[in-house]
Amino acid sequence: MPPDHLLDDYVDPYDDPAARGRRHGPLRVGLGGPVGSGKTALAAALCRTLGAELDLAVVTNDIYTTEDADFLRRHAVLPDDRIEAVQTGCCPHTAIRDDITANLDAVELLEARHPGLELVLVESGGDNLTASFSYGLVDVQVFVVDVAGGDKVPRKGGPGVTASDLLVVNKTDLAPLVGADLDVMRRDAAAVRGGKPTLLISLREDPAATEVAAWVRQQLRSRAAQHA
Amino acid sequence: MTAALLALADSRLPAGGHTHSGGVEQAIVAGLVHDPRSLEVFLRRRLVTSGAVAAGAAAAAAREGGGAPADRRAGWARIDAETDARTPSPALRRASRQQGRGLVRVGRRAWPAAVWDDLPDRPHHPLALGVAAVAAGLGPDDAARAAAYLAVTGPATAAQRLLAMDPITVATVTARLGDEVDRVAAATSTTSTGISSRTPPGTSPGTSTGVSTGTTDGDGRDPDWLPADTDPLLDLLAEVHADRGDRYFAS
Ligand SMILES: Nc1nc2c(ncn2[C@@H]2O[C@H](COP(=O)(O)OP(=O)(O)O)[C@@H](O)[C@H]2O)c(=O)[nH]1
Ligand SMILES: [Mg+2]
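Top to bottom, those sequences are chains H and A.
Residue numbers are given in the UniProt record's numbering: position 124 of the first sequence equals residue 124, and the series is strictly consecutive.
Residue numbers are given in the UniProt record's numbering: position 127 of the second sequence equals residue 127, and the series is strictly consecutive.
By construction, these hints were calculated from the structure, which means they are not laboratory data.
Among the hints, a few may not be true.
Stated by the list, open to error - Label pairs and their in silico Cβ distance ranges:
#1 H/D98 - A/R176: 18 to 24 Å
#2 H/V178 - A/V41: 47 to 53 Å
#3 A/D35 - H/R73: 19 to 25 Å
Stated by the list, open to error - Here are some chain A residues the structure puts well away from chain H; computed CB gaps all over 12 Å:
#4 D35
#5 L39
#6 E40
#7 V48
#8 G67
#9 R72
#10 G75
#11 A81
#12 P120
#13 R161
#14 R176
#15 T230
#16 P232
#17 D246
All C-beta atoms in this analysis are idealised placements derived from N, C-alpha and C, irrespective of residue type, glycine included.
So here's chain H without its partners, still in its complex pose (with noise of 0.2 Å):
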């Protein structure tokens, strides 16, 4: 490093005015978690919640269908130019986390065609336990694993259950009938977790996912406040 007096007009070569916490624009948040855990799912709520308050728009990523864009079509939640479908080929993860480019672009065109913009939901195609989003493409990400696939899912660990900043543990509504322990997957989650937020869900039995929807305006609050 520089001594202090020569930093005056040291150009760091990190200080990326696009980097999280810094970015402008709308808030983005990543949707990530195993195949048929509800990512989808979780998107059309919160669109259907959200969608009357906020400039919103979302991205999906399929391996070679439009599968998730269709079924957000279908169901009207937003207009049509508000979904945009990424292809991943075979590496949902990748792009994700290892090579962005394909889900920046599709961002960038939903910025450039709604200027008004607040918030982008990215579903990533359904992966493994460690998938996860790099920051260089969302704000903030939510992961979500479901009741069926076991209490022990949360104990697995991965950095989508112990680094997520939301973690969703959807389809309470199955539990009795596959003998999940919630009880067990919250204190699982807890454990693992250092404090960060856990929130046990059925969207099912609640398909406007009202409190995944305050933890997104709380974001949103948040990081007005940080950009103030």
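Chain H is already provided as a structure; the job is to place chain A with the ligands on it using the hints.
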């Protein structure tokens, strides 16, 4: 032969490198690496220490490739033992041999050559890299370059995953280390001038005085002249890491 070098240094070469973090996982746990700047510091340190050792061994191994089969077998066994001597951490020895074996597996089929049969079983990774360079028609310089480059890119990718860093930032970190990678590779490859600086004071290439073993022929081919700048911090991190029950990477 540039294409072969690119293939050898490409992280997509399926040799198992992606399961190793080069110490960065434990460095993150210990709080030493947490942002782009601390990552760059860590990578620079790794490059000039274990990276230099690996580059020197890879270059030496590639130089042995031209010899008669019996000579190169003996040469490679010696380099393997010298690499052991420069790798005090059992965990790092395991990691190196695991990656060496992986590279031999893919190298044998990608660049078929008789030289593969002269390697010891489960060779150290730099040794396998040097032999892969021979098999692919590359020279010691290239072997050193690949080793030095991989010393940086492996842990850089691991850090990006573990810290969920912006991949463009991590690409910037690696790009900024480019000159240093070249410098380390040049300094550790004896076809360049650098190795002579490793000659003990009072000697110069071409003379054989003052070298501890008394067996050095002075042309830089003796493994005693291989860089030995191993880093105790990396050894320590590797040993602590090996005992963890919750690690993502094998090393
Ligand atoms: N029983 C139950 N099913 C749900 C719940 N949430 C989502 N599902 C169903 O789970 C399946 C997979 O959901 P989807 O959102 O497509 O999962 P994704 O692959 O993570 O996007 C769909 O058939 C949903 O209707 C829930 O809370 N309870
Ligand atoms: Mg989906």
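Structure-based check of all given hints:
Distance hint check for H/D98 and A/R176: the Cβ-Cβ separation is about 19 Å, which falls inside the suggested range of 18 to 24 Å. A hinted range of 47 to 53 Å holds for the C-beta pair H/V178 and A/V41, which are about 48 Å apart. A C-beta distance of roughly 40 Å is found between A/D35 and H/R73, which places it outside the suggested range of 19 to 25 Å. Consistency note on A/D35: stated as away from chain H, yet its beta-carbon is not over 12 Å from all of that chain's, at 7 Å minimum.
The claim that A/L39 is not at the interface with chain H is violated, since a C-beta of that chain comes within 12 Å of its own (minimum 9 Å). At roughly 8 Å, the least C-beta separation between A/E40 and chain H is not larger than 12 Å, which violates its mark as non-interface. Listed as outside the interface, A/V48 is consistent with that label: its C-beta sits roughly 17 Å from the nearest C-beta of chain H, beyond the 12 Å cut-off. The beta carbon of A/G67 is kept farther than 12 Å from every beta carbon of chain H, the shortest such distance being approximately 41 Å.
At the 12 Å boundary, the C-beta of A/R72 stays outside the reach of chain H, the nearest C-beta of that chain being 38 Å off. Every CB of chain H is more than 12 Å from the CB of A/G75 (nearest about 38 Å), matching its label as outside the interface. Every CB of chain H lies more than 12 Å from the CB of A/A81, the least distance being 37 Å, so the non-interface label holds. Listed as a non-interface residue, A/P120 keeps its Cβ farther than 12 Å from every Cβ of chain H; the least gap is roughly 34 Å.
At the 12 Å boundary, the C-beta of A/R161 falls inside the reach of chain H, the nearest C-beta of that chain being 7 Å off. For A/R176, the shortest C-beta to C-beta distance to chain H comes to about 6 Å, within the 12 Å cut-off, and the non-interface label is violated. The beta carbon of A/T230 is kept farther than 12 Å from every beta carbon of chain H, the shortest such distance being approximately 25 Å. Remark: the non-interface label on A/P232 is consistent with the geometry, its nearest Cβ contact in chain H lying 23 Å away (cut-off 12 Å).
For A/D246, the condition that its CB be more than 12 Å from all CB atoms of chain H is violated, with the nearest at approximately 7 Å.
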